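*Asks:* Produce the complete structure using the sequences and hints provided.
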Amino acid sequence: MWLLFLNSLKGIKKKRLQMIGLTFLILISTAVYTTMNSALDRMDSMSEQYMEEQNVEHMTILLNETNILTRENIADMFNEKLSSWKDIVLPEVVVTDEMLEKYDQDALQEMRDAIIESGVPEFMVETILKQQIGKILAGSSYLLGIVDGTYPADDLNTYIFYGCSSKAKNESTNFDPNLPYSKFCPINPGTSTSSETPGEVPGDDECADDSGTSTNASTNIAKLYENFSSMTNNNSYGVDKYEYLTPIMEELSQTYDFTYVLKANKVLTYSVDGDDQNYAASIMVYDANLPVNTPYLIEGKEPINDNEITVALPFANSNNIELNSYFEVAGKQYKVVGLAYAPDYIYPAVSFNTPLYDVKRHTVIYTNQATYNDFSGKEEKYYAAKFNNYDGSYTDETLQDLVKPVRKDSRVLYVLSTATISPRISMFTEEVKNNRVFTSYFMYVLLTIAIFIIIMVMKKRIDDERLQIGVLKSLGYNTYMIAAGYLVYPIVGSIIGGILGYGLGVVLQGPVVNLYKSFYNIPINDFFFDAKYLLLSLVIPLISLSLLSYLVALFMLRHRPLKLLREGSNLKVNFMTKIVTKLTSPLKFKSRFRLSLASRSLGKLLVITLCSFCTGLLIVLTLIGSTMMNKMIDKTFAGASYDYQVTYSSIVDPTIIDGYDENHDNEDLITTSDLTLYQIIRKNGTVEVLDKTRSVTVNGIDESLNLLKITNSDGDDISYKLFEDNNQEDVDNIVINDTIRTLLHVEIGDTLILSKRVDIDGNVQCSNDKKYLIVDINETFSGLNSYVDKGSITKYLGYSDQSYNMIYTDELKPIYDETNSNISSVFRYDDLKKNISIAIEMANYSIYIIIAFAGAMALIIISVVSNIVVDENKKHISLMKVMGYKEKEIKSVVLNIYTPFVLIAYLLSIPAMKGILRFIISLVARDLDFSVPIELSLQGALIGLIVIMAAYFIALGMSRRALNRVSLAEALKRE
Amino acid sequence: MADVIYELKGVSKIYKVSETITKALDNIDLKLYEGEIIVVLGPSGSGKSTLLNVLSGIDNATSGKVLFLDKQIEKYSLDELTSYRREYLGFIFQTYNLISNLDVKENIELGMQLAKNPININEIIDSVELTSQKNKFPYQLSGGQQQRVSIARALVKNPKVLFCDEPTGALDETTGKIVLKTIQELNKKYKTTIVIITHNPSIAQMANNVIRINSGKIASNIRNEKVLDASEIRWA
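Quick note, the sequences are listed as chains A and B, same order. Going by the numbering used here, the first sequence opens with residue 84, and the numbers climb by one from there. Going by the numbering used here, the second sequence opens with residue 23, and the numbers climb by one from there.
In case anyone wonders, no lab produced these hints; they're calculated from the structure. Keep in mind that this is a model prediction, so the values were computed, not measured. Watch out, some of these pointers could steer you wrong.
Here are the simulated DSS-like cross-link-like pairs (lysine-lysine), alpha carbons at most 25 Å apart as the crow flies [as the list claims (entries may be wrong)]: (1) K958/A with K213/B; (2) K971/A with K127/B; (3) K211/B with K156/B; (4) K97/B with K673/A; (5) K671/A with K127/B; (6) K661/A with K127/B; (7) K156/B with K665/A; (8) K127/B with K957/A; (9) K97/B with K971/A; (10) K38/B with K96/A; (11) K661/A with K156/B; (12) K655/A with K127/B; (13) K958/A with K969/A; (14) K213/B with K203/B; (15) K974/A with K38/B; (16) K127/B with K969/A.
*Replies:* This is the structure we're talking about:
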């Protein structure tokens, strides 16, 4: 048996191209395996420890304020401030008779009686009454920005509830201070989230009345503060709702056993000379004793003194910042005393305007409290929490079991769980997990291709040596012993490929880690030798390939000696060849010859076809992915002229704001609200109740738009359709986006039933339904977004038709300052485009690499197979040379036999990959309300075709040398 | 006397492998006439295959002249030799060399593709008496039938010369005679010059010219006065 093995070893030289191809495949698979796992080990080995030591949060909690804050809480918050506000002299409000008519006349009469009782002459009563009311309105109610007063000035608490429903106004004198504010002051309509409650028709008693100008307590407080601060030029009149929220958090922390902090950060966007893109920073106060999200100091010291800061290490490297040097942020110089990471910003997405991390322009900045206060920028506050008795991994599903009850608690509005959703942390953890899986699968795919090559080589050899094998068997060698001789291929390939692959992997893991460092702010281990990967690089291919090869060899050698010795035993044709011969009879001789040669060996045909198909899948995936983001941005903002989208904290109603004089010419004012979708009426009349209700954003627009464009997939403006008569009573028109269409499988002609719907303590509160007929589809892909006639939504919500809470503009006016508490956010389209362009640029490099890699793999595999084809057909090639066929003619019939299969395989890979992606996206869309366009341009398809065919023809070119070397004497050899 | 189709003048073929020099052909002078059946006899290693290679342009002579229809083919380039074989020659091999995944008709078509004016394929199939087997694959045929396919493939392009390298080497007497009879009939019909390389002396009985070769030299060159029909050959 050893002699047979040695004999095979000597014969390897003749099969050198096949062995090189085989060894190369094993080398690539083990190199990728070693590279990725070594790199991931370096990142992973410290990450859990780092996250544990720095107390990275398990969850972010937003409390259900309107459910928690009682009317007394709100009153207390105001009273503390209002008592001093009363003393402030403000411009007097002139009260007119028309204004008096709006007040409760009984209350006014009470006031008149009180004035008369105080001794004021009757002819002066009206004047004094108006002065008093004017003074009241100039005080707290004026601060509310609402002229519509109702009650005597003494009852300051009542003014808090301005803007609430008339019900609240009527009941304000008899209010129960312990009831939740929300009971009488419904929150902003439609801030419902998707729920598991099946859609059902709400009963009348479950619906609050149409409130009209309802706002929530936080918004009211914020608006008060803003108005008063801007009028008095004094920032110190802010109210602190956390004084009331923190006790609730304390209760929750006891119940669910976690530690929490109130996290505050400011997001600052600023420009830098010489750079057309903005910089962005998330600014926080450095506190080494924070029990959750403790800062990690890499180098230098904490920023103790004023105007001292720390920045992230990659940011410092990219901007050439040295320790103790000065760096300018938003026009002011700060001393960089340290380099630090924020542990909850592993992927530092600092601002939603620029969601993709830009290592040169984005950083987390730590500073002291005083410097933090001086920084401008929009402040965000939320509670970050960490479970006390959980020792598991941050990616473990068991963490979700701890989060679930917190999420269901009625005091909690929203929980962002670190393990799955928080992108700043989970992006890293998920990438590590997914890359390990991908690396393993990649190795298995390459080894599978390697096994096919081994089988082809063995089969050829066994066919050539069948007489010798027959003789060996006749002499008494059994199949097991003979088969062992063929193990030389997997053994030699695995040893050489495995060792070289491991070495290459060790070299390449360094650059891979450096690449990761530019994406993630996390300390990374130095390289450490792990014998495991050397062993696995040898053992995995050696055992898997040897075992499979041995089994296949046993199968191929199964025939009895006599059958092998019989002349012509190798001439039998398979069923495929017979079928092909019949089917191809009308074709020309050359085509028939090619197809019959191709059908002769189904194994080779399968390998070439599969290889082309898989290469095609990879190329198509890469090309679709490369255009996906571009297309999403293009389609979302197709033809849009706006640069900014300003979102307000609450509805702005010009008709009730005294002295409203804002100019919004050439801007688009939108009324947007989240409503609950719970039923669909299909075109054919079928009513479908959704098993899971969805929150849909409804944007009310004017008939003529200045900047916003609403287009369909052809790029045509479709906004006019919202204002056409659909001949249905009480049904307005709606344009939905692609995500709604994909997720709910709705189409033009279906009707959506929406409602304002709130679940509080399991009580469903909602208002009347609103029916919308789908008239077209807008090709945008983020969230469940729709457009309606503004008049229809404002009427439904009880606002005036001039109300708005979102503006599209191309000019960032001072009134749109994000620090204005009435402004919820300012989205900068230009910043987003530039941010994404960086990612697209990087993605383009990786696309070229992936396509080149796919092409190279195809080249190797096809070269090996076509070389085997030449080897197999040596006698035929020689015969044809002897007969007088030219080399070009021989090449065209012997080597080009797989051309149609390669072409067809690639063409099939296009719809196949599109189908796979559509399936994956439909799964994603179900959970994340998100879809993407899956398109491959003609240009992209041609690029893929060129790559595949180029690899194919280059491979054939390489095999041509082997063909040229076949001698004429081969045909004359006697067996 | 028919025209000379081949003339060899002082042709030698020397192989050098490491230090060993082998003279496969040693100063051969020879004339072959058009339309005749020529049998080249000799034991293994005598040089008869080398002679076939040199005559057919598969190999080049080391020295001397090889004239085909008065053209010196030993000076031809590789492409010219390919064209020469394509236009003028046909080949039959001991091991038939049929393409296993082409049926009978397609194997013959392989030869037909090379000819400017091929013989009608059905006619040639009839000539070799394989009409009922034309859609069968080689593995479904006997040795003799396979050899007849090989003959048809070679003759379909109506070559001037047909080289037969041990055409009956793998066949029994009966089948061998059938094959030889086929060759003989086709020679009569198409006037193709037939050169048969063999170690079987029986075949010489059907030849016009019998050349014996030994150790690379012409041992004898005899013209048969009586040419037997293939079926009358006394098999050795």
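*Asks:* Each hint should be assessed against the structure and marked as holding or not.
*Replies:* Cross-check of the supplied hints:
{"no.": "1", "hint": "K958/A with K213/B", "verdict": "violated, 30 Å"}
{"no.": "2", "hint": "K971/A with K127/B", "verdict": "holds, 24 Å"}
{"no.": "3", "hint": "K211/B with K156/B", "verdict": "holds, 22 Å"}
{"no.": "4", "hint": "K97/B with K673/A", "verdict": "violated, 32 Å"}
{"no.": "5", "hint": "K671/A with K127/B", "verdict": "holds, 13 Å"}
{"no.": "6", "hint": "K661/A with K127/B", "verdict": "holds, 14 Å"}
{"no.": "7", "hint": "K156/B with K665/A", "verdict": "holds, 13 Å"}
{"no.": "8", "hint": "K127/B with K957/A", "verdict": "holds, 22 Å"}
{"no.": "9", "hint": "K97/B with K971/A", "verdict": "holds, 23 Å"}
{"no.": "10", "hint": "K38/B with K96/A", "verdict": "holds, 24 Å"}
{"no.": "11", "hint": "K661/A with K156/B", "verdict": "holds, 14 Å"}
{"no.": "12", "hint": "K655/A with K127/B", "verdict": "holds, 17 Å"}
{"no.": "13", "hint": "K958/A with K969/A", "verdict": "holds, 15 Å"}
{"no.": "14", "hint": "K213/B with K203/B", "verdict": "holds, 15 Å"}
{"no.": "15", "hint": "K974/A with K38/B", "verdict": "violated, 31 Å"}
{"no.": "16", "hint": "K127/B with K969/A", "verdict": "holds, 22 Å"}
The structure is inconsistent with the numbered hints 1, 4, 15, although it conforms to all the rest.
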